[in-house]
Structures are given as C-alpha cells and as structure tokens.
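> Chains as they are written, first to last, in the UniProt record's numbering: chain A, 1 to 718; chain B, 1 to 718.
Treat the hints as calculated values from the structure; they're not laboratory data.
This one's a predicted model, so the numbers in the text were calculated from it and none came from an experiment.
Among these hints, one or two may not hold up.
The following residues of chain B were derived to be distant from chain A, with all beta-carbon distances above 12 Å [claimed, not checked]: (1) K50; (2) G313; (3) D577.
Now the in silico label distances, taken between C-beta atoms and shown as ranges [what the hints assert, rightly or not]: (4) S684(B) / P615(A): 57 to 67 Å; (5) K318(A) / K663(B): 50 to 60 Å; (6) K321(A) / E556(B): 55 to 65 Å.
Cβ atoms here follow ideal geometry from the backbone N, Cα and C, with glycine treated the same way.
Number of protein chains: 2
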Amino acid sequence: MTTVIDPLHTERPTDVVRRLLDTAKAEGRNALTAPEAKQLCDVYGIPVPKEGLATSAEAAVTLAEGVGFPVVMKIVSPQILHKTEARGVLVGLQNADAVRQGFEAIMENARAYDPGADLIGVQVQQMLQSGVEVIVGSITDPSFGKLVAFGLGGVLVEVLKDITFRLAPVSREEALSMLDGIQAAEMLKGVRGGKAVDHEALAEVIVNVSRLVDEVPEIVELDLNPVFARENGATAADVRVVLDFAARTPRYRPSQEQIVRQMNRIMKPEAVAVIGASAEDGKIGNSVMKNLINGGYKGEIYPIHPKADNILGYRAYKSVKDVPGDIDVAVFAIPAKFVAQALDEVGEKKIPGAVLIPSGFAETGNVEGQEEIVAIARKHDVRLMGPNIYGFYYTPKNLCATFCTPYDVKGKAALSSQSGGIGMAIIGFSRSAKMGVSAIVGLGNKSDIDEDDLLYFFEQDDNTQVVAMHCEDLKDGRAFAEAAKQVSKKKPVVVLKAGRTALGARAASSHTGALAGNDRIYEDVLRQSGVVRARSLQDLLQFARGIPVLPTPKGENVVIITGAGGSGVLLSDACVDNGLSLMAMPSDLDAAFRKFIPPFGAAGNPVDITGGEPPSTYQNTIRLGLEDDRIHALILGYWHTIITPPMVFAKLVIEVKEEMKAKGIEKPIVASLAGDVQVEEAASRLYDHGVVAYPYTTETPVAVLGAKYKWARAAGLV
Amino acid sequence: MTTVIDPLHTERPTDVVRRLLDTAKAEGRNALTAPEAKQLCDVYGIPVPKEGLATSAEAAVTLAEGVGFPVVMKIVSPQILHKTEARGVLVGLQNADAVRQGFEAIMENARAYDPGADLIGVQVQQMLQSGVEVIVGSITDPSFGKLVAFGLGGVLVEVLKDITFRLAPVSREEALSMLDGIQAAEMLKGVRGGKAVDHEALAEVIVNVSRLVDEVPEIVELDLNPVFARENGATAADVRVVLDFAARTPRYRPSQEQIVRQMNRIMKPEAVAVIGASAEDGKIGNSVMKNLINGGYKGEIYPIHPKADNILGYRAYKSVKDVPGDIDVAVFAIPAKFVAQALDEVGEKKIPGAVLIPSGFAETGNVEGQEEIVAIARKHDVRLMGPNIYGFYYTPKNLCATFCTPYDVKGKAALSSQSGGIGMAIIGFSRSAKMGVSAIVGLGNKSDIDEDDLLYFFEQDDNTQVVAMHCEDLKDGRAFAEAAKQVSKKKPVVVLKAGRTALGARAASSHTGALAGNDRIYEDVLRQSGVVRARSLQDLLQFARGIPVLPTPKGENVVIITGAGGSGVLLSDACVDNGLSLMAMPSDLDAAFRKFIPPFGAAGNPVDITGGEPPSTYQNTIRLGLEDDRIHALILGYWHTIITPPMVFAKLVIEVKEEMKAKGIEKPIVASLAGDVQVEEAASRLYDHGVVAYPYTTETPVAVLGAKYKWARAAGLV
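The whole structure should be built from the sequences, with the hints applied where relevant.
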C-alpha cells in the first residue's frame, strides 16, 4: 500500500522502473498505483511527500523524524475504507510525543470502529505546506511524441486552458521558459506582495519529468497535479501515470548526410527523365517536357514513352533502364496504376529520386497503392516526392519540373506547399510581386519526402536564404522540429500551419491530455524550434518575400520616422502587435532629431516630422536614424504631399540607404506609404532597393520586420 | 459602526443617498465608510450581508432570526480592536439557543479581557456562504463616463485582466451578456460537476450597480469585491465607494434634429464659399477651387479674396458678407491667424458650417487659438469641421471640398479619418480598388464636428450604406456610442481605433480601475454599440469596400465549396477566426452535393470538388448552394487549372449568381482564388459583380464576410 523509505537505494533506478513496469504489465494494468508512481518519482528526483508504514508507536516516531514534522497519520487496514469516519486520521502532528500518542489513539479508535478489521499499521506522511498550485505533466502526441506540459493548477486554469508544451526532454533553460510561457506567469512571480515561487525547483521538476518520459517509452501520459510550488521548493501532491506496452515501429529515416546527398541530386539534377513524356498538347507529360525545355534547363532531358522515338526534339526511351547515362531524378506523368512498375525500373536504374505528379493514391482512399510504391522505393532506396503534386521548381538550375507554368524570377526564397492549390497561389503571387525564388516544391501526400528533408537540403543550399512552408500536418513532428531547430539557427524558417481548429475533445485520461489543444502544441513546439509562424497565407507570402530583402538587425531598438502623425500611431500599434520594441529616445538623439523637424513636430518615438515637410526633412532624419549606432531598425511612415511626392520620397530613401551602405551601415528599413495611387509605384521601387514598403497598410511592413526579428532572436543574433 | 436593519424603510432612498453624500462631503471625505456603502447597497437592492447591533441576548436572537441562521457574532467596543484575541467573535451559530449563549459568552469574555472597556453590544451578522468569487464594479472614464465592470474575483483574475465593461446603466440582457463576456465564463456555468451560479441574481447586482452609479454622479469608482455568486443568489462581501464632488461642465451638444439639419447643408451644399480662394497654382485655395470646378460640382461657388474680382472664372468677393445669396458651407484655405475674423463673418452671414483646412491650432500647441474659434462658432451657431484637415468629399453632389486630388467613383461607402495621412491612404486605396464611395471626411482636431455628427448624417443619407471610420480618440465616447448604437441598427459602422496600446497603469484607487486597460473598454463598448471593429487599416478599407457589395445573410449557415482541399482547410481556419459557423451538412444535402463531385471528393463542409474538375462541377455545386434554403452564405475556393481557367470560373460564378438573382435568391458569396496571375483579373471581375473575391489570400474574403455577419448580428438581422 505504501512506499517504505529506502535511503540506501539498495535497488538501482533502472531496476526500480523495470520492476514497476513488469508488475503492471503482468497484472494487465495500464496505470501505476499511487505508491508505484511515487516510487518512480523518487527514482527520478521528483519531490513527493515522504511517507512510510509504522507498525508500532516507536516506529511511527522514527518515521516522522525521517520525513520531518509536521506529519499526517492514517490507519492502514483493508477493511477500513472510510478512515475519517473511523477516527483513523490525524493531521498536523508536531512532535514525537504527539506521534506516539497519535499512533495509540488511531489504533484504538480503529479497533473500536471495527473489532474484526486487520490493522496493518499507521501510515506516517509528510504534511505538505500549500503553495501556488501548478500542474506538470506529459502526453504522447502522434506526431511530436513525448511532450512535457506546464500550467497553473486549479479549475480556473482548466477553463482557460493556460498551459504550455515542449518536446521532451527539456533543458533547464527550456523548463524555465515554460514558467514564463503561460498567460498567468505573473502568478509565479509573487502578486499582492507575495513572494515568488522557487523557479529553479519547479524547473527541476519539469526537467525530471521530461527525462522520465523520454527514458521510459511505456509512459504515455503523466500528471503531477497539483504540484505545490513554494518560495522554497516544490512538491507533487498527486501523481498519475498511464502506460502503454504496445510496441511502436520507428519511422524510416535516412541519415542527415544521406538526405542531403539524395536531395541535392533530386533538386539540382544533371539529368532528368520524364516518365510519360508526351508530344500531345494538354497532356501533363507534355507540359512537363515544355516547362523543362522552355524554362531553360541545361542538363540532360530523357523522355520515357512506350512507343515514341523522339519527343519535342529529344530522343525518347521505352524505359529509364534503356537510357545510357546516369539519371538524377525521374518525373512521373503517368496514371497512378502504372506508377509501381515504372518505379521499380527507376529503382533498378539507381535513380535516387522520383517526383510523383499523379494523383489517385492515399488522397482518394487508395492507401494500399501508396503503401505499395513506398515499399518499392524503400527496396531500391529511391526517395519519393508526392504523389499528388504539381512537381517542383529550382530556379538556379532553370528547372521547372512541373506541369504548371514556368517561373523564372531568381531569388533567395524557397517555398513549399502541401496542397496544390496553395502551390498555385504561391506561383501567382510570386510572379505578381516579382518575388525572387530559389525553389517552389509540392509535397502532396508526403509518402516519403517531407518538410524535414527539404529543410536539410535548403540549409546547405547557398541559393536559399529563407524557407517558407505551408503544411497541413507534420507526419513526424519531432523530426521536423529537430530539423527546424538546426536550420533556423542559420536561415529563417516560416511555417503556415493550416488546420488550426482544435481537434475537439480527445479521449484522454489525464488532465494534461484534456488541456492539449492541437494548435497549442504546434504553437509551442514551433516556437521552441525557432520557427516563425505565419498566421495567414498572405503572411507566409509576404514574409518569404520580405525577410531575405531585409538585413538582420543588430539590436532591438526600433525607431519610427513619420510624416503623418496618424500613421505613427497605427505603426506603433503594429509594433506592439508584432513584439517590436520602440526605442526610448535618448535626450541627445531627441535633440538631434528636433534640429531637423518643425517646432510643433514631435520627437520622441515615433519621430513625427509633420506632413508639410520637404524631401530634406525626410532625408536628414532618416540619415540620422541610420547613422546613430543606438538605432537598429527604421520604420518609415510616408504621407503623400505636393512638396514631397511619392517618387521623390522613394528616391531620397534609396539615396540615403545607398550612401550609408557605402559607409558599411546596413539596417532593416520598412515603410508604409499613405497617399494617392502613385504610392504604389513608389513602394515597388523601394522594395526593389531593399526597403520593404507597402501602400495603404501600416500593419504589413511592421509584420515583416517583426518576422525578421522573431527569427533573429530565435537564432541568437539579436 | 453598523447598519441597523430598517425593514420599514422609513427614510426614502434618495434621502438616504443624499444624507450619505452630504455627510461625506461635510467631513471632507472622498470615500464612504463600509457601513455607509452598505446602506447605499441596501437602497439599491445590492445584496450585502444583513447585520445589526444587539444590546441583549434576546435582541441578538431577534436579530439572528431576522438575518437568518447561521450567524456570526462580534463584540462591539471602541476599546477592543483585536476582537478575536478578546474571544469576542463566534461564527456559525445555528439556532436561537446558540445565539443566546453566545451573546452572554462574548460579553463575559470581553469584560474579562478588558474590564474598563465600553461594551456597546454584539454585532449579529449573516454568515456568508462562499461561492464563486466575482467582482462587480464601476469606473468613470474621461471619454465614456460611467462604466460598469464584471470579472471573476481573486488574484489570478487580476493577473489575467479578465474583465468586461459596459456603459452604465445596463439592461438585464446586457448584464447577462457580461457574464458570457469574460474568458473564464465557463467558471460560472459549473465545472467539474459543480452547479452553475445564479446568473439572474448576478445580473441583477450588475444592473443595480449600473443604476446606482448612473443616478449618483458623485460616485466615480465602486468595487463590490468579492461578490459570492452561489447556485442561489449572490452577495457582496465587501463594498468600496469613491466619491468626487467636483462639478463637471457638460459638453455642448445640439439636438439630433439640429445636427442632421446642419450636416445636410454642410455635406450637400447648394452654395460653397472658398475663403482664401486663389488663382495661383500650388496654393491650397487654388487646389480647392480647381477640385470644386473639375470635380463637377453643380452648385454655386463663391471665391472669397481680399483683392481679386474673379478667380478661375468665378466672381470673387472680399467677404462672405458681400455674397448676395445664401451659403451653406465655407471652406477655409487661409493661414490660422486669419481664421478667427473670417469665421466671425461666416457667422454673421448665417452660414451653418465651416470647413477648416488650416493647421496651426491645438495640434501645434495653439490651444487658445482653437478655443477662440470654437467660441466664435458657438456664438453664431456655426458647426466646425477640423481644423487641420484635408476637407471632405461628397460624391453624389460631385463635391470635392478638399485640396487633395478629386475622387469620382460613386458608391455606398462613407469613410472618415482623424488623420490626414490616413485620409490620403483612403483616397489612394479607393482609387486603386475602384471602391464606390459616397463620402470621405477629414476630422482632424475635431474642435466641433466629430464621428457622432457624421453618424447621424450618414444614417439618413440614402447614398450611404456603410460607414467606416478611423479614429485615434473619441472626445465624447458616450455620445459616439449612443449614435453608433442607433445607426448600426440600420447601417454597418466599422471603426479602426488607433492607439490600442494600454496607457499604462493608471492611478486608480479601485480594483476595477486597475483592471481597466484602455483598449478593453473600447473593445467592449464598441461591441455593445453594434460597431464592427477593424483591426488594421487594410481591414477598415476592405470592410468598407466589401460590406455594401454583399447582401445581408438570412442565417448563420456558411458553406465552403472548394476546388483545392488546401484552400478548404485555410478557409475553415478563417471561419473560426472570424466567428463564422460552418453548417453541419444534412445528409440529404450531402448526397445532393455528392452527385456532382468525384467519388474521392469530400462532401461535408467544406465541399471539396477536387482540383481537376470542369466548369460544370463548380457551377452545379454553387447553384445547389444558392438554391438550398438551409444555406445562407457561400465561400468559394478556386484552384487554377487548365480545365477551368480563372476567367471561365469568374464567368460561371457570375452566371449562376445572376440566374439565382432572377429567381429572387440573393446570398453573400465570397471567393479566394489560388492560381497564376490571371486570377487577379478574375477576382476583379467577380468583385464588380458582387462577389467579394481576392487572389492569393484565404483570410481576407472570409474576414469581409465575417464583418458583414458581425454587423447583421448586432443589428438583429440574423
């Protein structure tokens, strides 16, 4: 029934865990008993109330001295279920005498209550001091695996769902970040004059829980609820552990080196085969051929066709096996039912990658068909992109391996989409905004290649400076998080996660599980991995476009310089919304700005130069903003006037920017242009020169700057 | 010290209030004592613990029977401050005997504790049953006046600032909406198997507090904290009342009839004077003249100039007083220092409105100058627009009374801005998007005419269907709220409130005050007034453009029909974000949709018709969506394919829409277009035909539909 204190730890920790699990499994249980769970906590350094069983008054005193006063004493008897009714419970016993008398009293009361009961003894338990009630727990997510959770305890927190998650195991720093990661974080810092709780002790509980669930795969859910967090220390008053003994098949993952080697051949091929190439207009195999040719791809193109000798001027082959040279990637443009056989040939030819445009697999319910091709690919070590995709673009190679229209504006943004429709939106937007792109990739059913493969490729691809991904699910969230964590240290990773709606109440037997909204996990894990999250399709596209244009800021001090006071207010709001820090203007700098602006203008921050000013006022203040070391980023608010028309403004900004660049000064500059339609051309000109500028919006330029900052912070650069 | 129960109410309620205030004022206090505050509560039907003073055991029993068992008894003696130490407190007395003995025991204990003490008697108080702790309070906002507040009690709620506000007084319905208006609303509905609190009783407390503060202007802050809300009833355990006896000057407000009469002459003038008209290019008075003339204004134009006889072909006058006919509005294009004298002449000429373009008043620190012109205007009953504005447009009269460029796309959206820069953004966006506009108005310093004047004008202006306003502050938030509440019943009112950043901790002596973030008040009051709040400049502009285009939905059932599954997911996310209800698809309708889509397409909602479908599939499913009575609004997701190109899609949607319109069926339709750049033209074509369509974004079309719904709900139409 109870844990006997074992100060000598005669049993090794791993043996304890094994014994507990074996017992539970043997008894067909999927949960540990409370005493078992407490033993587990003891082994992992998770503080629980100390307790023991005494069979004599003197033993009770020894135990009490061991656990520390005050103590609680309770009768232990299989027949006595209602201990309080039997007067078998005493609380707050302060010293040895009280414990000694308490033991006798409890035994006597129990005998009187039920003369026939077996009296095993009296449980002596450390009496917990109350504190701030928190919950520490763990769940097992189908995509992310073991997660550790932290939130305040109590019913109100369940109502508010104020809980934060991290991938297990976590470091001390990550655990501490969880304490700040809940809405009610102030509660832990001491309110109404109270003292702060022991952050280190609480972090240690979180770290140890995360280590426990990481090391013991069978633990699928765990609750410490409540944990009493005190000024000094933290103790879990109640522990629940849910087990699952079913074995899991680990996902097949090549090594990172292998991924990069294969992805490089697929994304930057020297030779491409088009399986199902066609000379007939309107066929997918025809579009793919034309896009390869008209896109300007310089490598070998091998059309594969059962009958044709020549397609669009290229020698055709019956099978990839007939092609004399090496092939790096095979693009499939044939119906689903023919894919398996052709893929087998691709494998025999040792082609490392297959781009599967055809639909008709898992997305239409044909799960077996998809499993079949995955098995073939695994056998031959062929990586699969798709099926059910538009293909992909890699502009540095002039490669349009897709049936969509070619895309040729080269640049530094790599984009991917799980959905074909979103892929088309990416292409249309890119063309319309002249967004410089290195790659656009369709992932479709993600039968094999997924976001983490792309991330490892783009990490080492010098043509890519930012990765922007649309995804609906992550087949292996943990692998994605690991890849993102590594890649985002070097290059910004932006993710639009579609399907944010909570999956509804999940069948969970733990509090932690019930609190785990699907999106909250994505939110926390993506942030933990250094990912910049896009909240909308437009955000994804604008971040992809703007982030590579802006230099990385060297500090947090943002200054707004505006001709329109009204824009200044909205730009300030946008700074708050996007987590940017408006610099508190030092008085010397304030004075320096004031020299350039009218007496009724406002220095401070925003610097309001007022509306009727000539170009020189904009120019002088922007120059000052760039020159002064204490300022790290500029937000410009332009107001269309006769005295400083839009294109004049654009030119002067570009001039100052170039002048400073020549002196080695580069800072991110974004701009919001308020005015008549001429501001559209001015914004476009500014963008072309590295100033992220938009007409008719104060929020978008600041959001792009905010995204750059979010990445720079996560990467430790600012 | 204590309130004697007065069941007969010998004193009239108003007399009680007056007596309490007079006493406080006479004693130089700015707060009521706890017993005074409780008397106030008694008068206003706010439940507080009943209590009374007993000087004998029998009197104590009578009192206890009056307040109801159980009771608390406490010694009352000026000399005994530590009542518990004196053993002068008893709690939980359940019957007459216990009270009788309790009285004797307390008196005896007190005598023993301090034989020299004056024993006034024993206070007998109703013992409160605990419940859910909530706070009900009131503050006085400089703009909105008396507000009533509701939130959960306790320290956690202070940390989370989970509190909601309404203008006082509130109706029972509004009070009930406050209970649902906090994040933690679930707490009141009973959690973990607990029972719900008494919503009616709690609403009554809120209603009565709101009535109290409304009727007693001197009460500037009030806290009931905590109020114990139980399954049956609610009682305020503690009451704090803060007073301010300083008199307030009410703001000058003409009657609504007068406002409308004057605003109609100003906005739809038959004759306009331009004070400071000029023939010289580059002068503001020249731009105003040209805009009036070139804009096509058909009324009389009177240039006013000290010397000229004729300006741009119009006879000029030295003063408005020299003009023979009536003048409806005078546009000022002269420096600030000449405004006062010219305004006096405008007043003498009985011109009802002056449009003050000049800057150089309060915005540059010249507060006296502004006060001077306001006084002149008030003397002559002239309404002032500005100063420090670009002027205004009223397109149905071809009137461009501004120095900016003319605007001529007539339509149903009226816009206003407090800032000139934002005004220019409105003009540029409108022109770029071909937004149909009835009016664009600059409000600038708002020395007189403000948003509420405009609202009353636009309410009765048949050329306006939606009002969209940018504002930084509301000089009289209460008047605005009243106007908005009235107008939004007929026409949507959209507001972009700039300056959302909390003003920081305000010096407040109440909990309610400390919890009142400035923006939270705006949020709640704007919603209470039926206003649709825009979160960004783009939202303001897109809502103004889209709301008049969409018919008002007749119910909440929204259906998504999409060619791209990926768009469907993002559109669903956007529905959640914008408070739209995706209809649960009835099985017969599901079957009807399935008839048109491929077997692997998904019916349900979204209806995923899959990407490779011909125009007829879009057409059939959209027709079904419009024809079926149970569906109230459609969201379309288009995916660019060869088989259904963008313009084909646009045409088919317009065709079905027109076909249904001929049958009398009109429902709001919005569309998100994913594809190559041709989708831009398709979106534009759709918009021109009443389908709110956007390329490269899933969120904006749904946000516009959401805005239409928000208004329709507030106006009671859906």
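> Is the gap between the beta carbons of S684(B) and P615(A) within 57 to 67 Å?
Check failed, 35 Å falls outside 57 to 67 Å.
> Against chain A, does D577(B) keep a CB gap of more than 12 Å to every residue?
Violated, because the least Cβ-Cβ distance between D577(B) and chain A comes to about 8 Å, which does not exceed 12 Å.
> Non-interface claim for K50(B): all C-beta distances to chain A beyond 12 Å?
holds, 29 Å
> G313(B) clear of chain A by more than 12 Å, beta carbon to beta carbon?
Nearest chain A Cβ is 23 Å from G313(B), so the label holds.
> Taking the CB of K321(A) and the CB of E556(B), does the distance hold inside 55 to 65 Å?
holds, 60 Å
> So does K318(A) sit 50 to 60 Å from K663(B), Cβ to Cβ?
Since K318(A) and K663(B) have Cβ atoms about 57 Å apart, the given range 50 to 60 Å holds.
Checked against the numbered hints above, the structure violates hints 3, 4; every other hint is satisfied.
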